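Model the full assembly from the supplied sequences, consistent with the hints where possible.
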Amino acid sequence: MIIFFPPAATYSSNETDLRSLVAFKSAIVLDPQGALVSWNETTHFCRWSGVQCGRRHSDRVVAINLRSQGLVGSLSPHLGNLSLLTSIILQNNTFNGPIPQQITLLSRLQYVEFSNNSFSGSIPKNLSKIPNLHFLNLIDNYLTGNIPSELGDLTNLHVLALSGNPLTGHIPPSIGNITSLNLLSLAYCLLQGEIPASFARLRSLEKLFLSGNTYTGSLPTDLFNISTIQKFEVAENQLHGVIPSNIGLTLPNVNEIHLEYNQFTGSIPFSISNASLLQILVLSFNNFTGLMPSVGKLSLLQAFVVESNLITDDISFISSLTNLTNLEYLMVGSNLLTGSLPDSIANLSSQLSTFYLDGNKIHGVIPSGIENLFILGQFIVADNYLEDPFPLGIGKLSKLRILDLHNNRFSNKLHISFGNMTLLSNLYLNENNLSGDIPSSLANCTNLIDLDLSQNNLSGLIPPEVMRLSSVSITFNLSYNAFDGGIPFDVGLINLVALDLSHNRLYGQIPNSLSKCISLEKLYLDGNLLQGEIPQGLSGLVVLQDLDLSVNNLSGPIPEFLGKLKLQKLNLSFNSLQGEVPITGVFKNRTSISVEGNDGLCGGIPQLKLPPCPSLVQKRKHLSTLTKILIPIVSAGDIFLTLFALFIYKQRLSKKKATPSLPSLTGIQIMRLSYMDLLKATDGFSETNLLGFGRFGSVYKGIVGDGQIVIAVKVLNLSVSGASRSFMTECNALRNVRHRNLLKILSVCESIDFQGNEFKALVYEYKANGSLEKWLHQNAESNINLDMMKRLNIAIDIAEGVEYLHSNTDNDLSIVHGDLKPSNILLDQEMTAYVGDFGLAKIISEIVIPSHESNSSIGIRGTIGYVPPEYGMSSPVSTQGDAYSYGIVLLEMFTNLRPTDNLLKDHINLHSLVSVALPDRVMEVVDPQIQTLMMNNDRMKSCMTSILSIGVSCSKEMPRERMSMTDVAIQLHKIHKLLSS
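In this text, residue positions in the sequence shown follow the working numbering: the first is 1, and each later residue adds one.
Each statement offered as a hint is correct.
Quick list of the computed label-pair ranges, beta carbon to beta carbon:
#1 Arg-505 <-> Gly-597: 16 to 24 Å
#2 Arg-740 <-> Asp-437: 55 to 63 Å
#3 Asn-92 <-> Gln-755: 56 to 64 Å
#4 Asp-901 <-> Phe-561: 23 to 31 Å
#5 Glu-830 <-> Gly-756: 39 to 47 Å
#6 Leu-461 <-> Ser-350: 35 to 43 Å
#7 Arg-740 <-> Val-916: 35 to 43 Å
#8 Thr-265 <-> Thr-322: 28 to 36 Å
#9 Lys-564 <-> His-739: 29 to 37 Å
#10 His-739 <-> Ser-26: 26 to 34 Å
#11 Phe-561 <-> Pro-611: 17 to 25 Å
Rather than coming from a laboratory, the hints here were simulated on the basis of the structure.
Here the structure is a predicted model, which is why all the values come from computation and not from measurement.
We put the CB at the ideal spot given by N, CA and C, even for glycine.
As structure tokens, this is what we get:
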């Protein structure tokens, strides 16, 4: 709404202010907290909430403070009529649109706080005409374009904060003219070029934030001569050069230095020991050489992070750190350190929580005094030359979550004390020479999610208690050892993704209980002495992709169900299998299967070159004759069985106790559908209508309403542990949510089937184009049709759906989806995306999340590659966890690489692959199907860089560093607008 004023002279000064405030309110479209309720004609505007009038001019507005009120709307240009305004604070709201140029009319304005909003457009150049402005904070908005060089005229400015805006271009050298600056924040702005030498003139600078851009060149030497600097952050750029040798003398007040992820060379200056106020020193992922600097005198030091450099020193330098009583992070892995660990490790800070020494050349033993570091959470000393005796006291580290000792020279037995580390989530002891059996006490580690004991000399039986650790969800690897006996009958690894028992001495039959491992994607049992037939229980592994049963003594036929699974690799070679090789599913691809070394096999696809199977003509004739005789008998029997089933059904239904009522699905029109309705709609849940398998059941296509309504029916497999809980979770999650990008629930069915069994199903809208997973990976033609704009539209749809879950529910509660991935994103006929499968969703409080709550179930039951790293350390579920999953999905959409793809090569994950390629090597990681469209289109390249930057920002390791889904949605809309203009 636009308000027109008569000439200002017609009104008294206070009338002008009143009208300006009324115009301000009229531009607000949402006021959820009632911040502007008092802004009415019955109260003088000087008493309105958030409005302050002057002492000298008691009827004139001098300040507006509406911080964190949830306001949504634009900023009225009539703000420029508040001629005595000195301060305006709108931080943490959702103001959108441009910052009006009329703000530059406020000649007395001193303080502008607009951070964490949604302002767009360019930064007004005429801000330079506000002579008294000393505070300008525009962090975390969506401002674009260059930083105006005119800002250099604001010679009274103390704070200039523009971080978190998608700006372009270079830093104008004129910023060096603002010699009064105390804080300069230009981090994560997509800026490039060199850091101006004129910054050396900022002699009052205390905080410098330039991380997360693509700055090149070397740092201006004189920048290190600004003695007032306290925080110096230039991480995640492409800077090079050496650090001045006297940095510790020229920056005496510095307390944080972040130089990580650059290309700095030379030695780390020893003068750093003179920076007595230093608390955090992060120099990782550079090319520093020489010796470790002496930091033992820095009594306030909390983090010493120098991993992934080329430091050559003796590890005994650790002895010099024993006086650092505040040290929490000691990370010196992946260097060229030598020598043996000193006993003085026992005297390191009692606050030490993270200790990285991996990837060096350290030998000798781990000192027994390691047990003194009683709050240690991560101890990573892999890839060294450490040997026995193994310190028994390590079992006293009850806070330990990650223990990584792989690729060393340990040969002792595993001690029973390992079972005392009950918080342990990741245990890696592979590639040693450990002997003896696995202590059954390891079953006490009920938070364990990843276990690798492969490539040792372990023997004896596999403890059944350990094989029942339902927490293990990533890897259970005992391969290349000397285990004997059978595979434990009662396998309880129900959430496991990869099970590797290959190359041992296991015998007996493959247990049917493996069917409980419903999340299993990789199963390796090769190189053992297993016998008997391939069990029918493996048919329940509906997400299995890789199965290796080679080099055993298996016999009998190849089961038909193997051709119905989603296998991508199958190795049955060198067994004693007999009979016909199937020709469905994985058996259609010669490069995906191996069946050699089974002399009794026949048939299969021609490429296998197996002998033809004996004629079945006589058997078929006999079967045909028998069928003609039996059909009348069976038909009569069917009538009797049907009547009997109906009788049992009615009896059980009448006797069944009342079950707890389902949560009401507020605001959603529910269809009334019975078991019989769903049975008919899906043609008896026929295989031809099967749309896919899920963790807790199957999804079928159905038609109801005289053929007018197409539905998707999710039938729960109630024999699977957690299925009923998933059913209730999904109902609860969808109870109060309505959004165009969330899959709509049409009906809930709790009933009894015709065999008298409990039946539960959820009915959704059917989406004709299936899952995003199918379009990305399962159909090459579909992938070609996914151009850049379609992918961006889908990404926006997903972001808006998830953002709604996080921020638009009642009573300060947010819904965490918990399992975002392409297979849970469905596409309708118009390619609109819908977020579905809320079986792992969790409702959390935005205000208080108890620190003691264990939410490892998300880490356990989520999908590998998409689960945020903190869930593996028993951290509480959070909206930042969904942001991580979304970031991985976004990167997957535009690279067409799965987060577990072998093409990631040396990169630990998809985030690492893409972040290294940004911004200059984007074309190397973008999906080839859309590369050709970008070749000669700078705008598309720029947009792609921005999209991938969002994915990288969402999937950062630290939750607090990730973008919120609100910011993601707004940012993607801006990219869409730019791409379509």
